[in-house]
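Same order as they appear, the protein sequences are chains L and H.
Whatever position you read off the first sequence (first residue = 1), add 5 for our numbering.
Whatever position you read off the second sequence (first residue = 1), add 58 for our numbering.
Hints may be right or wrong, so weigh each one.
[Claimed, not checked] Pairs of lysine-lysine residues, derived as BS3-like cross-links and limited to a Cα-Cα distance of at most 25 Å, are as follows:
1) K481(H) - K491(H)
2) K207(H) - K246(H)
3) K514(H) - K35(L)
4) K166(H) - K109(L)
5) K166(H) - K107(L)
6) K510(H) - K493(H)
7) K564(H) - K481(H)
8) K60(L) - K166(H)
9) K62(L) - K166(H)
10) K408(H) - K372(H)
11) K251(H) - K408(H)
12) K166(H) - K39(L)
13) K408(H) - K35(L)
14) K372(H) - K289(H)
15) K514(H) - K564(H)
16) K289(H) - K318(H)
17) K85(H) - K187(H)
18) K512(H) - K408(H)
19) K114(L) - K62(L)
[Unchecked claim] Output of the computed footprint for chain H on chain L, the stretches with three or more beta carbons under 8 Å from beta carbons of chain H:
20) 26-32
21) 69-76
FYI, nobody ran anything at the bench for these hints, they're computed from the structure.
Where a beta carbon is used, it is the ideal one built from N, C-alpha and C, also for glycine.
Okay, here's what each chain looks like letter by letter:
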Amino acid sequence: MTVLEALRGAGVDTEATIYRFGGNQILLEKFVRKFPHDETYSSLMAAVKVDNIEKMKNFAHTLKGTAANLGFEELSNRCAALVSALRNGSISVDVTEPLVEKIKQEYKKIIDIILRIE
Amino acid sequence: MRRRNTILIVDDIELNRAILSELFQDKHIIMEAENGQEAIELIEAHGDRLSVVLLDVVMPVMDGIEVLRQLRDSRKIEEVPVIFITAENNEGTALRGYTMGVSDIITKPFNPDIVCRRVENVIELHEHKRFLEEKLQEQYVIMEQQEQKLKRANTFVIDTLSTVIEFRNCESGTHIRRIRNITEVLLKSLSHKYGEYDFTQEQISMITDATALHDIGKIAIPDFILLKPGKLTESEYNIMKSHTLIGCEILQNLDCIQDKEFFQYCYEICRHHHERWDGNGYPDGLSGDDIPVWAQVVSLADVYEALTNKWVYKPQYTHQQAVSMILNGECGVFNPELLKCFMDAEEALKAESIKPDDEDSSNFATTISAEESALAEQENKLSQQTLQLLELERQKYHVLTDLSGDIVFDYNVKEDILQFSEKYMHVFGGDCKVKNVRERLWRSGRVPEEDKKKIKKALESLSLLDNSCKIQIRIQVLSGEFQWFEISACALWETENAYWENLIGKLENIHQAKMETIRLQEQVSSSLLTGTYNCETIVEPIDRYLNSMHADSGALFLIELDMDQDDNMENVTENTILQRFGENLKKLFQNTSIVGRLDEDKFIAVLCGAYSQAMLTETTEKICELFYNMQSIYGNIGVACFPQDGPTFESVLNKAEKALYSAKQYGKGQYAFYDDEMDIFQLPVVADINGIVY
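Taking the hints into account, I'd like the entire structure generated from these sequences.
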């Protein structure tokens, strides 16, 4: 599977994404391949585990940006939701946990696809 | 202006940096920073290369806002534009960013093309701004330089003009510059010390420039007053004083002084620099604080400069002497506060006064002093030699003159120096050694013009064979009175030249005797003319006169007139003719003689002093000429001389009578000189000579 095919499979608007990369498809591909190794997600999960609101906010925010850049809109939105809630002060586990769950699912989906790229 | 071509991208997420980098890397050099701290460091180090900073907000270590704050505090924000590239989409952050000085805010995710355009816009705008600022700065620098040039040119022109004027006063050109510098020192001291006289540097510059024109009015003062070495008369002084007002007039005619403040300084300094604190100055008689401060300062500077500089008519005083003279009020009355500043500025002033003239002066001054000193040296050498040569002789003279009581002199032609003995000083005042004698003697008002001619004649008469002379002239003594002196001089030749090289002699005061002689002469002459003397009574006065003259030789002319017997002629007319003859006769004879009417038709002329036969003949002929020139007169002349023809006047008169008689034998209009053969004549007793029988 090519990168573009994988991205399409993940629901990415590849044209727009390539455009965002200044037309540099190769650069896009590079970063797509790097995505699974990006530490942001694991750092976020670690923060969730210890319930560090601050760190959760930051990493979620970062992940949101990265996902958006790569065209993973859904993942980005879900991160945004978490960030928003945390900023509003809704820090109780009841609120955060479902949001985190959603992020996890989407993330996993994307990773699976990426892993299928040659 | 160096083109800035580097963009700094600040974001903690590599991906973000990569994307941005991608957008600009073909046209720009990219620098990256992971957090705010790094960004600050890079900006510090390479700020002058950066065209823009793309700054993320949310970053670890130091976030974007903090970066901005630091950039604003260090004012780097003015140098490098900053653009927020942020995922934060709330207005609060945006506003804060703008407040902190961010140039633009771009939200993520962004459209690359749009971001490109916006970033380029910011870069270009900033470049323009910098370009303009630079240009402005350059222009400012150029303007300042031109202003300086203009100022210097101005100062140069003013200084040159003033120097030209000062040159006419035969004063050195440095006078102006020194007064400027002294004025500057005093002004600084004043504003330092007294709050109410606080002058800005610009004002001080203006005032010192204005100082250069303070004596501009002197150009209208005539040379004979301006260059007079001695004291001025009252009317001359009044003309001199007018230079203050004339200067003001000149200034008013100058269109070029457009700056009102500068003009005011020039005008007031020109007008008031001779006012005095106590009101006794000129031209307006202002006193105290009515005198503008700058005029007071220039006044003091002028005085100080004059004292510490060398002039023709006064020596150069040291700084210390000048200071004490000024403080003692010897050179005018000044504002006491000003004097305090004067004291304070002592160090600065001293530095000024010992500054060598070369430093800021024309060559003129230095050339003059070199010449002067060379001349002085030469003079010294000559004087030394001369003195050495004459020293021995002088010592001899000294002894003799002291004994004789006369003034002895010694004149050297080559050096034109006249050296007198010490007594000269007591009688005439002044130095015993007189230089430039030739010039000074003829110019001198102390010897009457006719006596100067006597001197000239006597000097010209000196020759190798006849190298001495004796003349009597009048000289003005210390008291102002003109007294008679007899100069006996003797010329000396060192070499075979035609003209003598030295003249030595003595000056004897014969005033008393001379006055007596003149008195007697006049007495006798006037008495004779009125006919009050007869043969008998005339003897004694003439004798006395001859004695007073120390006359050891002379001649006596006895003239008898014969009027054409014309009964129609009245006695009155006869008398008039006779009187006229008497006057003509007197004109013929000069000072060293007595002329008078002895009787109704007899005249007598006594000539004293040396004579020669030729001279006697010539004189007699001249008397005869008088007869020819006058109508209806004939005469006879008998001439006798003393001492050969007789020891006393009386006997000589006797001989002259005989000579006259002899002449008459030959007819009218004849004359005869006495000789022994005439002794045989027995003169008839002439009835009109009262009772004297010869």
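Evaluated hints:
The hinted pair formed by K481(H) and K491(H) meets the criterion: a straight-line CA distance of about 12 Å does not exceed 25 Å. The hinted pair formed by K207(H) and K246(H) meets the criterion: a straight-line CA distance of about 24 Å does not exceed 25 Å. The straight-line distance between the Cα atoms of K514(H) and K35(L) is roughly 129 Å, outside the 25 Å bound, and the hint therefore fails. A distance of roughly 23 Å separates the Cα atoms of K166(H) and K109(L); the hinted pair therefore holds under the 25 Å criterion.
Simply put, K166(H) and K107(L) have alpha-carbon atoms about 23 Å apart, close enough for the 25 Å limit, and the pair holds. Between the alpha carbons of K510(H) and K493(H) the distance comes to roughly 18 Å, so the proposed pair stays at or under 25 Å and holds. The suggested pairing of K564(H) with K481(H) holds, with an alpha-carbon distance near 11 Å, which does not exceed 25 Å. Distance hint between K60(L) and K166(H) is fulfilled; the C-alpha atoms sit about 21 Å from each other, no more than 25 Å.
For the suggested pair K62(L) and K166(H), the alpha carbons sit about 17 Å apart, so the restraint of at most 25 Å is met. Our distance criterion of 25 Å between C-alpha atoms is met by K408(H) and K372(H), whose separation comes to about 20 Å. Taken as a hint, the K251(H) and K408(H) pair is honoured in the structure, with Cα atoms around 19 Å apart against an allowance of 25 Å. Between K166(H) and K39(L), the direct Cα distance comes to roughly 21 Å. Compliance with the 25 Å bound is thereby established for this hinted pair.
The straight-line distance between the Cα atoms of K408(H) and K35(L) is roughly 84 Å, outside the 25 Å bound, and the hint therefore fails. At most 25 Å may separate the alpha-carbon atoms for a hinted pair to count; K372(H) and K289(H) meet this at roughly 12 Å. Between K514(H) and K564(H) the CA atoms are separated by roughly 17 Å; this keeps the pair inside 25 Å, and the hint holds. Distance check on the hinted pair: K289(H) and K318(H) sit about 39 Å apart at the alpha-carbon level, beyond 25 Å; violated.
Restraint check for K85(H) and K187(H): satisfied, since their Cα atoms lie roughly 21 Å apart, inside the 25 Å limit. Straight-line distance between C-alpha atoms of K512(H) and K408(H) comes to about 57 Å, which puts the hinted pair past the 25 Å bound. This hinted pair checks out: K114(L) and K62(L) have alpha carbons roughly 22 Å apart, not beyond 25 Å. A stretch counts as covered by a chain when three or more of its residues have a beta carbon under 8 Å from one of that chain; for the segment 26-32 of chain L and chain H the count is 4, and the coverage holds.
Counting residues of the segment 69-76 of chain L whose CB lies closer than 8 Å to any CB of chain H gives 6, which reaches the minimum of 3, so the coverage claim holds.
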